[in-house]
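Undergrad: Here is how the chains run, residue by residue.
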Amino acid sequence: MKVLVVDDFSTMRRIVKNLLRDLGFTNIQEADDGSTALPMLQGGDFDFVVTDWNMPGMQGIDLLKAIRADPSLSHIPVLLITAEAKKEQIVMAAQAGVNGYIVKPFTAGTLKTKLDKIFERLG
Amino acid sequence: MSITTIGQITLEQAKALVECLESGEQEAADAIVNDIQNPTNSELFAEIGKLTRQLHDSLTNFQVDSRLSNLATGDIPDAKERLNYVIERTEEAANKTMDAVEAIFPVVDNISGRVEAVNPAWTKLMNNEIDLAEFKSLCLGIDTLLKNTGKETQLIHSLMTDVLMAQDFQDLTGQVIRKVIDLVREVEDSLINMLTAFGISSDGVLEGLGDDASPREKSKSTLSVGENLVEGPIINTENRDDVVEDQDDVDDLLSSLGF
Numbered sequence: 001m002k003v004l005v006v007d008d009f010s011t012m013r014r015i016v017k018n019l020l021r022d023l024g025f026t027n028i029q030e031a032d033d034g035s036t037a038l039p040m041l042q043g044g045d046f047d048f049v050v051t052d053w054n055m056p057g058m059q060g061i062d063l064l065k066a067i068r069a070d071p072s073l074s075h076i077p078v079l080l081i082t083a084e085a086k087k088e089q090i091v092m093a094a095q096a097g098v099n100g101y102i103v104k105p106f107t108a109g110t111l112k113t114k115l116d117k118i119f120e121r122l123g
Numbered sequence: 001m002s003i004t005t006i007g008q009i010t011l012e013q014a015k016a017l018v019e020c021l022e023s024g025e026q027e028a029a030d031a032i033v034n035d036i037q038n039p040t041n042s043e044l045f046a047e048i049g050k051l052t053r054q055l056h057d058s059l060t061n062f063q064v065d066s067r068l069s070n071l072a073t074g075d076i077p078d079a080k081e082r083l084n085y086v087i088e089r090t091e092e093a094a095n096k097t098m099d100a101v102e103a104i105f106p107v108v109d110n111i112s113g114r115v116e117a118v119n120p121a122w123t124k125l126m127n128n129e130i131d132l133a134e135f136k137s138l139c140l141g142i143d144t145l146l147k148n149t150g151k152e153t154q155l156i157h158s159l160m161t162d163v164l165m166a167q168d169f170q171d172l173t174g175q176v177i178r179k180v181i182d183l184v185r186e187v188e189d190s191l192i193n194m195l196t197a198f199g200i201s202s203d204g205v206l207e208g209l210g211d212d213a214s215p216r217e218k219s220k221s222t223l224s225v226g227e228n229l230v231e232g233p234i235i236n237t238e239n240r241d242d243v244v245e246d247q248d249d250v251d252d253l254l255s256s257l258g259f
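In order, the protein sequences belong to chains A and B. Once you know that position 37 of the first sequence is 37 in this note's numbering, the rest is easy, because the numbers rise by one and skip nothing. Once you know that position 247 of the second sequence is 247 in this note's numbering, the rest is easy, because the numbers rise by one and skip nothing.
Don't take every hint at face value.
Below are the BS3-like pairs computed for lysine-lysine, each with C-alpha atoms no more than 27 Å apart in a straight line [as the list claims (entries may be wrong)]:
#, chain 1, residue 1, chain 2, residue 2
1, A, K86, B, K179
2, B, K151, A, K112
3, A, K104, B, K96
4, B, K96, A, K17
5, B, K179, B, K96
6, A, K86, B, K80
7, A, K104, B, K179
8, B, K136, B, K147
9, B, K96, A, K112
10, A, K117, A, K17
11, A, K65, A, K86
12, A, K87, A, K65
13, A, K87, B, K179
14, A, K117, A, K104
15, A, K17, B, K151
16, B, K80, A, K87
17, A, K104, B, K80
Note that these hints are calculated values from the structure, not bench results.
Using the sequences provided together with the hints, build the complete structure.
TA: This is the structure:
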C-alpha cells in the first residue's frame, strides 16, 4: 500500500512515517503542502493520504476538496492529523469527505485505531 | 500677517482718525485705532485656535487609537500565554524523552548482563570443553535469555515510540511562535504609525527596515492563504465552547454527524 504523508513540519512527517512503518506501511512518500502533494497524487498510484490542515501554500482541507473533486483520485481515503480543533472545522472536513480526523497532540494508539476503522469501512 | 502686506486700513478710517486727532477727540481716535487692529487680532487668534485644535486632536487620537490599546491589553498578554504554552510543551517533551530513555537503560543493561552470564559456558561449549552439569546450567541460562530478551525488546520498542512521539512539540510550538511573530510585527507597525503621527519622518523610520520588506510581504500573503481561517493549536480549550478538547470530543462530534 502506497501512502502519502503531507505536513509542512518535517518532524511531524517523520513521526507519522515511523508510526505508519510500525503499523506495516512501508511504501511511504512525503510532501510539504497541498500544492506539492496534488501533482504527486495525480502522477502516482497512491492508496492513502495522511495530511495536516494548516500549511503554507495549499492547505489540507483544500487538498481534500481537490482530491474529492478529481475523479481519478476521489476514491483515495484521506486522514487529517491537525491541531485545528474548532467544531466548525471538523464539520467542514466531514462535509468535504474526510475519512478520519485526529487532533494533535495525538498518540500512536489513536493513529492505529483510526487506521483500522478507515480500512475496516473500506472493506 | 504683517500689516503692510494686506489692506489693514481704509482711506475713510485714516481720514476719520486724522479728523479726530485734529479736533482733540482722543477717545474717538483710540477707538478707530482699535477698530483698525481688531481684524489682525482675530486672524491671529483663529490661527492659534487652529493649531490648538490640531494639537488636541493629535493627543486625543493617540489616546484612543483602539488598535494600540487592544495590543497592549489583549494581544500582548495573549502572546505571553502562547509563549508559556511553548515552554510547557517543550518541557513536557524533554521530560517524556528522558523518562523513556532512562527506562530503556536498565533494560539494555539486563540483556547485556545475561549475555555476559552465559558467555563463559558458551565459549566452553564451542571449544568442546563443557561437562554435563555446566551444559545443563548453560541451557537454563540461554532459555532465560531468550524468553526475557524477547519481552524486553518489545518494551524497548514501545519506549522508543514514546521518544519519537515526544518530538511532536516542535510542530505545535512552531505554529504558536509564528503567531507571536505576527503580533510583534503588528506592534512594530503600530509604533511606526505613532512615530509618523508625531511628525517623525516615516521615510527615516522605515529606512532601517528596508531589508525586511520582502519577508514582511511574504508572511502577510501566507496569512490570507486559503478561504478557511486556521487558528493553530488552541491553548485555552477550557475557556471556549467552539472548540473540541481532545480526540474523544472529535469522535463524538463526528459520530453525531453519522460518521
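Undergrad: Tell me, which hint numbers fail for this structure?
TA: Checked against the structure, no hint fails, so every one of them is satisfied.
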